[in-house]
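For the sequence shown, my numbering gives the first residue as 684, with consecutive numbering after it.
There is no bait here: all hints are sound.
The calculated DSSO-like cross-link candidates involving lysine-lysine, where the alpha carbons are at most 30 Å apart (straight line), are:
{"hint": "1", "residue 1": "K768", "residue 2": "K704"}
{"hint": "2", "residue 1": "K720", "residue 2": "K760"}
{"hint": "3", "residue 1": "K719", "residue 2": "K705"}
Note that these hints are calculated values from the structure, not bench results.
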Amino acid sequence: MSLFSDWQALAETERQPAESKKFWNDYFALETENYKKILGNFEHTYSGKLSELAAEFGMDEVTFTGFLDGINTSLKKELKLDSLKSGSKVELDIDFEKLYFNMLDCKADWLYNLPEWDGILTVEKRKEITREFRTSKMYVSGETIGRNDPCPCGSGKKYKKCCGKDKK
684 MSLFSDWQAL
694 AETERQPAES
704 KKFWNDYFAL
714 ETENYKKILG
724 NFEHTYSGKL
734 SELAAEFGMD
744 EVTFTGFLDG
754 INTSLKKELK
764 LDSLKSGSKV
774 ELDIDFEKLY
784 FNMLDCKADW
794 LYNLPEWDGI
804 LTVEKRKEIT
814 REFRTSKMYV
824 SGETIGRNDP
834 CPCGSGKKYK
844 KCCGKDKK
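Construct the entire structure; sequences and hints are all you get.
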């Protein structure tokens, strides 16, 4: 099994509610510390063997792979998570605007409200990204065709007598 498969199995393990809450609270605490470290030193690109980075971030390799799963879509070059091994070379070259957007998408307020963001993205930029995020989640219905409108297929008939005749 790969480290990523091990992480998925660990994350999906059935637990009692109290055990599950403890597991995820412990994970989110580690995750928060990782992001504080990354955001606090945002000009540095962390790279090295997965095992070395896991140790640097205070996580075991499987849990660190879970962290990589969470940050992967925010990297400038995504990792192939299924193929990660202990000795795999990992580079955390992060697109911070994308990371902020993805944190909004995950509803991870404990992460996108970290004070470390102040040195990376201005308040205005964060508001702009938040607006983009909200706009991306809005449903915009297409223009509806009235029964008596000309059919959009170009036949010249009314919609109700053409493509819309079977629609009630």
